[in-house]
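If you want the building blocks of each chain, they are given just below.
2 protein chains.
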Amino acid sequence: MQPHHSATEPALIRAATGKQGDGPIPVWFMRQAGRSLPEYRKVREGTTMLQSCRDPELVTEITLQPVRRHGVDAAIFFSDIMVPLAAAGIDLDIVPGTGPVIAEPVRDAAAIRALPELEPDSLGFITDSVSMLVEQLGPVPLIGFAGAPFTLASYLVEGRPSRDYAHTKALMVSEPELWDELCAKLARISTTFLSAQAAAGARAVQLFDSWVGSLSAADYEEFVAAHSSTVLHRLAERFPTVPRIHFGVGTGELLAPMAAAGADVIGVDWRVPLAEAVRRTGGGHAVQGNLDPALLGAPWPVIADRVREVIRSGAVAPGHIFNLGHGVPPQTDPTVLTRIVELVHAEGAELRAEARAAAQKESVR
Amino acid sequence: MQPHHSATEPALIRAATGKQGDGPIPVWFMRQAGRSLPEYRKVREGTTMLQSCRDPELVTEITLQPVRRHGVDAAIFFSDIMVPLAAAGIDLDIVPGTGPVIAEPVRDAAAIRALPELEPDSLGFITDSVSMLVEQLGPVPLIGFAGAPFTLASYLVEGRPSRDYAHTKALMVSEPELWDELCAKLARISTTFLSAQAAAGARAVQLFDSWVGSLSAADYEEFVAAHSSTVLHRLAERFPTVPRIHFGVGTGELLAPMAAAGADVIGVDWRVPLAEAVRRTGGGHAVQGNLDPALLGAPWPVIADRVREVIRSGAVAPGHIFNLGHGVPPQTDPTVLTRIVELVHAEGAELRAEARAAAQKESVR
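Here the protein sequences line up with chains R and D, keeping their order. Everything in the first sequence is counted per full-length UniProt numbering, starting at 1 for the first residue and increasing by one. Everything in the second sequence is counted per full-length UniProt numbering, starting at 1 for the first residue and increasing by one.
Please note that the accuracy of each hint is not assured.
As the list claims (entries may be wrong) - Some, not all, of what chain D presents toward chain R, calculated at C-beta under 8 Å: (1) Val173; (2) Ser216; (3) Glu253; (4) Ala298; (5) Pro329.
Said to hold, decoys possible - Which stretches of chain R does chain D cover? Using the computed rule of at least three CB atoms under 8 Å from a CB of chain D, they are: (6) 245–257; (7) 285–299.
To be clear, the hints were calculated from the coordinates, so they are not data collected in a lab. In this text, a Cβ means the ideal position worked out from N, Cα and C, and glycines have one as well.
Could you build all of it, start to finish, from the sequences and the hints given here?
This is how it looks when you write it as structure tokens:
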């Protein structure tokens, strides 16, 4: 058993593991390391996305930038959802303005069986990046990052970003055994990729199932849940002190099965109030979210009110990690993000405590 | 009071008005008149979208094509969401591969106040198209079509298709009075456009709020519901025998307030089972939907099973109009749509009757 270091345990970890109580609300932003920051655009000049993700010094610098600038309570490992697939040897490119493009879309048994495994040996650049980061981050926890099997499958099968995932869904429903074979491979890749980060010092991990919100709950449970569950449970076995955050956009219908797949923290987009997400997931999970990122261009008093609303709504959860309901849009004025961090730090714990007390009173009545 | 013509009343109208019982399930497909049909691509050659929508003979031909080919139970008026805005005199274009582009995005008080009204006199081409269509359709009902205020606003404010509607939402939350002024204007335009179609013989109307699923329920209720309600209630007053269908994609969180805005039929995308949509809307509304259009490329037995599942799930509604959960994708093999129509016609009423009987038994127990 691990010793209990509550005094030094970061707010993020306390919130993720249900030990937040009336303590501080940690805050970070999905895609905080990225195009909203001029210092990011500067260091990325002249390098492709995949090159950047493979360069430990650049990964470290980019991951640290929003921590320095905003004072967020966690760093999110700078990577791309395609990095583990590229590291496994799949021929792909990230085309600016388009997104990931796979040289040979993977649509039949032969292509699925020919997919390489991800060998831990090929992840030296990940281990190096994480080790360097952990040293420089000091007490600020690093969150590891990987795409979930459905989302990885959607890129491989479609061959490029898609609006409706028609090829992916057709494979899924018409050849369920082949689909399971594909997703089992991708679950191994996700697990290996997250494990490398956790082993090198990531204190939490986030499994992104970006596009799974395109499925109904019935299809999610039949074709996807087991594979995400494999990733989350293997991580839990190997790294029992590393909490697992699980998120996808537009997943209001899927919150319960996604939480049940083995997440400690369920990420929620802006469409579902956090209190409702707590209700849907049964009350046992911490929540992460969920300010609407499209509102970051609104005047500050409007944003501040929304931030407070999110905090009050999340107070019924055993833990609340403040975040947006999706990634930071590239055109965001980064000073707004800094102000949000300041506001959550200044008022968060008190707002949460008040809302918790009010909820308790309500439930006693 | 209007005489009751139940013998000649089309299945679509019976389903929409809660008189379906164990009778036939009407079927049509959103975007059935469009790029999935080779005969459509042929007649559209050399004409722009806006030209096509303004040409009564072409509108009639395109609207009739899927009725002839598939034997659907309703025609959907071939138009574009931007047509009433263009008819009002707003400078815009529909750019192939991009979508609607507004010459001057509408983002401040001056621009909103300068927006023209839609004069019924400028809708002669609509009256002509609908009249011609109604004559040629005979007993098959025509469904009129318009965009709802939020979706029209999103195009005007963003100036082009958007992923996150950031400008629209910023205006909405930061200048709510100005937003209301804009939406009140757009509600008048939608009402005028739908009224012209109903007056010329459309037997039902569908108010499309394509992008409203980007909002939380709280924002929908605060900023949008009243404006959609204005359109739906004015239509109901002027054309009490013309049922109103209301649909948006990704609106699982909004079904109750959208239905309450004054719809007879609530359109449901594929993420929410119809039975759950009935529960969320209180049981008083007919439902339309909701086969996942991304599955139209799956093998026929899979599609057939899904069609039967949708019918069984919709049986608890007082009326069910079979449809997809969103528009027909352009790459769809149209023979699949014809087979779906045949299947719904062959098995629909019996499947629905069985499921209704089972549900009744369940509720008695």
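Structure-based check of each hint:
1. Interface hint at D/Val173: satisfied, since its Cβ lies 5 Å from the closest Cβ of chain R, which is below the 8 Å cut-off.
2. Annotation: D/Ser216 was flagged as interfacial toward chain R, and the flag holds, the nearest CB pair being 5 Å apart, inside 8 Å.
3. Here the hint on D/Glu253 is kept, as its CB sits about 5 Å from the closest CB of chain R, short of 8 Å.
4. Against a cut-off of 8 Å between C-beta atoms, the interface hint on D/Ala298 holds, since the closest Cβ of chain R lies about 5 Å away.
5. With 8 Å as the threshold, the beta carbon of D/Pro329 comes within range of chain R, its nearest partner Cβ sitting at about 6 Å, so the hint holds.
6. Restraint check on the region 245–257 of chain R versus chain D: 3 residues with Cβ-Cβ distances below 8 Å, three needed, restraint holds.
7. With a threshold of 8 Å between beta carbons, the proposed coverage of the region 285–299 of chain R by chain D holds, since 8 of its residues qualify and at least three are required.
Hint compliance for this structure: every hint is met.
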